[in-house]
Structures are given as C-alpha cells and as structure tokens.
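In case you want the letters, here they are:
2 protein chains.
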Amino acid sequence: MSVDSTVQNSHEAFLTARDARLAVRAGWLDVVGDALEQHRNDLVDVARRETHLPEKRLHGELTRTVFQLRLLGEEVREGTFLGATIDHQDPNWGMGPRPDIRRVNVPVGVVAVFGASNFPFAFSVAGGDTASALAAGCSVVHKIHGGHERLGVLTAEVVGSALAIAGAPPNLLSVVTGREAGIGLVEHPLVKAVGFTGSVHGGRALFDRAVSRPEPIPFFGELGSINPAIITEAAWKNRPDVIADGFISSLTLGVGQFCTKPGLLFVHSSVVEEIKQALGARLDSSNLSDKMLNERIHSGFLASRGDVARLTGVETVAPGNDNDPPAPAVFATSGKNAAKTSAVLETEMFGPAAVVIDYDDHDELVGLIHALPGQLTGTIHSEENEDIRSLVQALGSRCGRLLRNGWPTGVTVSYAQTHGGPYPATTASGSTSVGTSAIERFVRPVSYQDFDDHELPESLRESNPLNVRRRVDGEWS
Amino acid sequence: MSVDSTVQNSHEAFLTARDARLAVRAGWLDVVGDALEQHRNDLVDVARRETHLPEKRLHGELTRTVFQLRLLGEEVREGTFLGATIDHQDPNWGMGPRPDIRRVNVPVGVVAVFGASNFPFAFSVAGGDTASALAAGCSVVHKIHGGHERLGVLTAEVVGSALAIAGAPPNLLSVVTGREAGIGLVEHPLVKAVGFTGSVHGGRALFDRAVSRPEPIPFFGELGSINPAIITEAAWKNRPDVIADGFISSLTLGVGQFCTKPGLLFVHSSVVEEIKQALGARLDSSNLSDKMLNERIHSGFLASRGDVARLTGVETVAPGNDNDPPAPAVFATSGKNAAKTSAVLETEMFGPAAVVIDYDDHDELVGLIHALPGQLTGTIHSEENEDIRSLVQALGSRCGRLLRNGWPTGVTVSYAQTHGGPYPATTASGSTSVGTSAIERFVRPVSYQDFDDHELPESLRESNPLNVRRRVDGEWS
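Quick mapping for you: the protein sequence lines, in order, are chains P and S.
Using my numbering, read the first sequence as starting at 18 and increasing by one per residue.
Using my numbering, read the second sequence as starting at 18 and increasing by one per residue.
If you're looking for bench data, these hints aren't it; they were derived computationally from the structure.
One or more hints might be untrue.
[Stated by the list, open to error] Quick list of the computed label-pair ranges, beta carbon to beta carbon: (1) Glu403(S) <-> His105(P): 19 to 29 Å; (2) Gly195(P) <-> Glu232(S): 23 to 33 Å; (3) Gly195(P) <-> Asn255(S): 52 to 62 Å.
Glycine included, every Cβ here is placed at the ideal spot set by N, Cα and C.
With the rest of the complex left out, here is chain P (with noise of 0.2 Å):
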C-alpha cells in the first residue's frame, strides 16, 4: 500500500478514535499489551535473530514495554493530561468582564513515529512513542527500523489483530518500511506530528524536512547524547571499586549501544592516574559476549572510535578492538585539551567507548559542561558533605535527567521522568519521550467561550460527568 493511502487510512481511524471514551481508548493500550504478552516467546525469538540481543534483556525491554502500554492505559483513565480548565463567566474580572471558557486537550491527528535500531521493543512498534500517541487520542503509522523488520511487521500483526478484535477502528496503527516511506510521513499534510528516537544525523534530516513543510509540524526527536558523568576526588578515594566497576558495568551494558551510556567521564586531576590504572585494568579481563545489533551500526562505531582515538591530545588507555562485539575502549584527555578540540565533547560513540576528561577545580568543570552539546543525562558522584551546588545547576543547563551515585543506563518509566534536553538530546526539550508525560507530546489545547453545558465535551460539563481533575476559576479540583 502506498504511504498515502496508509496515511489516508490511519487518518480514517484518527477520525473515529479522537471521539472514543477515555475508558474504551485506554482499553485499547491494555489489549495491545496483553497481545504482546500472550505472543512473548515468538516476539523474542524473532527480535533475537534480528538484533542480537540476548533472550534476557528482551524479554525485560518485553516488559518494559507492557508496563508502559498499561501505566498510559491508566493515565487516560485518570484523565488530568486532559488539562480540562474551566473559567466561569465574571462581571468583575480585573481586565474587564470574563466570559464563560473552557479548555480541553484534543489529540493532534496522525502521528508518524520512527523506531529506533536498539530498542525493538520498546522505542520500536509498539513502544512508547506509539503508546502515547493512543493514548492521547491520536493514530499511529509506525516506520519500522530497517533492522528489525520482521519484528516490526510480527509485532504490528500482533497488535492489529488484538485491537480489530477489541472493536478499535482499523488502521488505528499502522507500519511502513522504508527510508523514502519514512520522509515520505514525515511530508504528507495528514500527519500531524512526528516522534523519532535515532541518530543526529537522520534525525536533523527528518526534522529540517518536518519544520520546511508548508504546515510545520512538531518533530519530537531524540537524537543522540553523549552523558557526562562527574567523579568528585572524594567520591573516587572514598569508594574507587564501586564507582570503577559501576562505570564499566554501564558503559558496557548491552554494548554500549544505549543513548544514555556514559561517554565522559570527568574526573579530578589527582586521581585520574589511578582511574586511568583501574579502568584499564578493569578491561583488560572485560568480555562482551553479544554482538552489536548490525554490522552497519557496528562500523559506524569503530569509525567514531577511530575519530576520537586520533584527535589531538587524546591518550589510549584501552584500546579496544574491531572485533563484533568490539572490546571496551577507554581514551582519556586533560580538560584544557577538551576546551580546545570540541570534538572531544561532541563525539557519540554508539558502543563501549568513553573519554575520561580530568580537571584541575569547579570553575574549569563548570566551563567544559557548558561547553557540552544538549545530553539526555548528567551524573555526578560524590560525598555527602561536598558542595556540588554549582556542578548540578551547570549539569542542569545542559541535561533531561540528572543522577547522583549512580548511572544513567536504565530509565524508569514514571510520573517523574524525563527522556530529554536540550538539542541534539532533542529536538524538542520541553518534552519528554517516556513516562506519562510524553502524551503531552501530542494533544494541543482547544477553548470554548459561552457554549451552552450540553455542547460542551463530556470532560468540560459542569456536572463533570468523566470526574476528570479540572482547574475551576484558577482553583484545582
């Protein structure tokens, strides 16, 4: 089916869902969660040969991903992403009278998402873009990641077949394959918004063609990061082992290949010899046992490697390897170097690699965090007594999520999270791609001035017939 009829279609279903009752929408995201449950080891088996990924941590993203259908399911159900605001009619209001109005969020339209390479569940068909799209109302024509296809087209199966039997409207998702299926989503007038989670070079791409529309649309990127993390001298002399194996742990988990592995690692001038030493020895027994995901994304590694390896001023202290899966790689460079090549604070590489950067006091650190492209996440260990006022605001300025003693690999899906930040993290910052808040991502508000009660949606009615939280006359219910 060409994307225009897939577009035309979805936007059909758009047309149908967006008047659905929040109790039947949200027991659409249960039903696909139960499809994907009751289809776990065939959805497993299938991702495993296409990705590489071991059976354990599928089956965990696997989860992840049900949990987050359900969460969604149950914040549709609660109703306050609504942000139904009802401001009575007031002869005395101070800029003159008021008259009765009422906002409500709708859902946006069609929107396009793009799965990313590494997490086929989880950001890919049915994963959390997807999620709260439905969530808000929206339909969803999904552009499958050309490295799982045949889970993207299984998973759609899956949920279609699942979501026809709840009494959905067809074609409420939908899939696509294709890089010029891709762009063309991104530039069909029915599509209303875009959520991508990839690289910042076919992300850019995609959002220069999504803003140059005649209609611009909101792009929801998340681009790439590279995830500064601090060590305090004090962290480091105080606990050397746990912040060294835990840096390892990380950096190697699922081969690097997570968008919020920690890349730098900045570290007080006086220990960085010993961290260098107990790094290095810590990688000269490290074996990864999984291969990265394709051989694409596995050259492009050891290409970035390469880049970084031979900027000026940066230090081998693991070198890695070019085997698949490659070896952990560690360089090191001395702040004022960084300060010099930007490259060294602007280089992702999407495997396990990292610089280790050391300083010499605060204000230097300071100034190299806000040199730092925008980052999904920023860690700093150290002591209980230490001021680290100054570090966490510069860390604040430049990150989505911030994290102490701890690292950034692993992102609950919560009320409280934020997948996000400045650009390149993304292209959005005020947003964020997982936890509830991401269905704010596709509704945009609608006010209705002096309609009579029963004109009004259910959520705006006086009687408040969906018991929906509302904010009345600037008081919250």
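For chain P, the structure is supplied; the task is to place chain S on it using the hints.
Same frame as chain P, now just chain S:
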C-alpha cells in the same frame, strides 16, 4: 550596544533570575505592572501619536497589560507551572525497581520577543510574551515593533527603572530595534526560545531561521488568522439584527486590525441574500473615525482587499474605499466557488473587510471548514435546539478557540484561554500566547534521580517548603 552584547548581558541576568525565589520573581512582575500604571498617561500619550489608536482603547489595553502581569505573578506564587512531580523509590514498580526520581520545570534561558504592530502594550515590551517568559524565570530581549519605537523605548525605560529599584538583575528585560537586530536575536546561540506576534510572511521567515540554527530553538509565533464564523439559517431567522450588528461591530473594531477579526462569514444559502442586504445597508452608514496603525498596514490592507475583490466568482457587497480609515468592505461568494478558489479561504485582509460564503448543507460546510488553514478562532451562531456537533468538531479541528453566539474579537486573559491554533495561526499549536498557560512555553523539565533531599531544588524537597502543588507517586496533592 550590539545585539551580541545585549544578549550576553541578558544571559547574565538569566543566570541570576533563574535562582530567584518564586515570591521575588512574582514581585518583579508586580513592579512592572505598577510602573506602567504610574506612567499610564505618558505611555498612552506616546502610543496615541505613534499608532493612531484612540485613547480609550489604549487605556483599556494598558489595563489589560497590567492585569496580565499581575495574574502571571499570582501564577508564579502558586507554583503549579513548576510541574513538580515526585516518584519515590519503589522496589515493586511494575517494570522493575524504581529509583527516587523527581521532576521540575526550569526556565529555558534568554527569550527573544517580537512585539506586534496592533497591540503597543499587550503584545509589546511588557506584554504577554514578556510577562510569561519572566514568570518562567527567563530573561527577555524584546525587538520593538517599528510601528511604535518611541513607545517601546519609553516602556523599556519605565520598566527598567522599576526593576532596578526592585533589585532585579540588570538587563532582565532589554530592547533592540530594527530588522537586522531581530534576525540577530533569533540566530544568537544564547537565545533559547522566541515569542512572536505578527504576519505570516515575517513570522515564517523568522521561524525558518530559528529551526535552521545549528541548535534549533522553539519558535512560538502567532502569525495570522481569518477567523471563520458560521451563521445557521435558524440563528439568522431568529435574530438577524443582533447578528448583523454584532458582526459589523466585531469586523470594524479597531479598524479591523485584530488577529481575531471575523473575516469569513459562512451563511446558509437560503438567507444569504437577506444577509448581504442587511450588511450592505449597515455599511452604507458605517463611519470609522480612527486612521489605521500606519501607512504600511493601510497599503497592505488595500492590496489584500484588492486581491480578494478580483478573485473569480467573488462579488462585492460593500466596496469600501481607499481612505484612511477605509470604509468597511464586504465580499460574497458561493461555497462551491470557495472550494475551487482556495485563495478565498486563505487570504487574510488585515483591516475592515470580510467575505460572506453561502453553503447548502452541513456536509458542504464541514468540507469548507476542513479546507481552511489553521485559525485562532472559529465562531458559530445557532439556536438551542440545533445539532451543531459536526460543525463544532470541524471548527475544533482547525481552531484554537471556539465561540458560540458571540464574536472573536476580545481575548480574555484567564486560566482557560487558548490564543493559538494549527499553523499558520501559530507555529506551535500545542501552546497559547495568552493566559496563564503561556508560561509553559518557556520552561523545560529536568528530573533528579536519587539526590539527597538537601541537594534538590526546594520545590522537590520532601517537606515541600515552597508549598506548591505536586504529584507524588501518581497522586495529586
């Protein structure tokens, strides 16, 4: 001073302002409002000479502007815009153990604001975009509109002195003039968001620059709107005079120079002749007394009016004239013709002119509404017993605010307001530039994972020292 220096200084102001306590930040908004009140007569005097707007209107607009500042100040004190959300550690979280994670909205940085020609106070130096950016904790560099530069400079002086006395950081609000400076603002790396009110042509050009930067930034542009209004057959039959008078009044208010001026009147074909007659008769005796804002707007209006008058199948009901102010003009055409000649539905005439379009049935009307570009407002006049659901839904799919039995000019500043809509009404349909939700445009979320209580922003500490509304473990306080 160069644009670069202005932005650098503004950034310094931001670095201080972002840490100010909510009550202090709110106090700055109050102080700006107080200063405007104190200099009311001087400001109105200068505005009168630069804009030709009548004294009464300018006083009303200044009242609105001061009210807006104070309402946003209250919103800052209330603190809900922080979106404070707390998820406590939960070993039994459905997808696996959840860390302690807490989110708060932080200001984005320096905001560039472009003033509007037609609102020298409410959408200018101390207008809604400035107020909401300051409320968010940002600093502002305002590009003064060329139509009222003296007023802009005077307002900046008044506001600047008041903020200095109140102890706000220097350069919290600064101004620049001239087209090149405006471009320089949008392209400056330290500018992190743009608020714009103006034409589609100028706004799109700046939007294109904002999204083409190495680091694209959000561009909140309110670009234009034609504002369709529907009159059902029954509505016209029951109250022709009220409707005709109301329409002419809204059409000619402020010489038609409102982005919410009703520019398209959809009427049932059985009453179109009556309606044209009623409007024509009223316009014969209509006498506008105030000149248009400036010569450029006057000539632009005459040009767009001429474009519409010359469209195929468009009939002139009341021709208007070329005076300043021009006499109001009304054109008419059939829905069939409008469906073929899309310029009828797409040409904004910024001044006192509108087009009457007759339709035969709801299906035809719904088709015409769907063919409209995005709109700030959509209006429907109908009787209580009529089923208008399909019409309201169609309008809702193209508009940010819907009105029943009223007229769209007059935009109250309140909690439930949406002054926004699909492109080109705005470049960011998820947002509003009027009302308390306008603050949300200038913040982004940051999440804190596993921080000690005393290291967290106050809004996220366990004891809730700021006493802001929060969501805790999914429950709303």
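Hint check:
1. Glu403(S) <-> His105(P): 19 to 29 Å: holds (24 Å)
2. Gly195(P) <-> Glu232(S): 23 to 33 Å: Because 30 Å falls inside the window, the suggested range holds.
3. Gly195(P) <-> Asn255(S): 52 to 62 Å: holds (57 Å)
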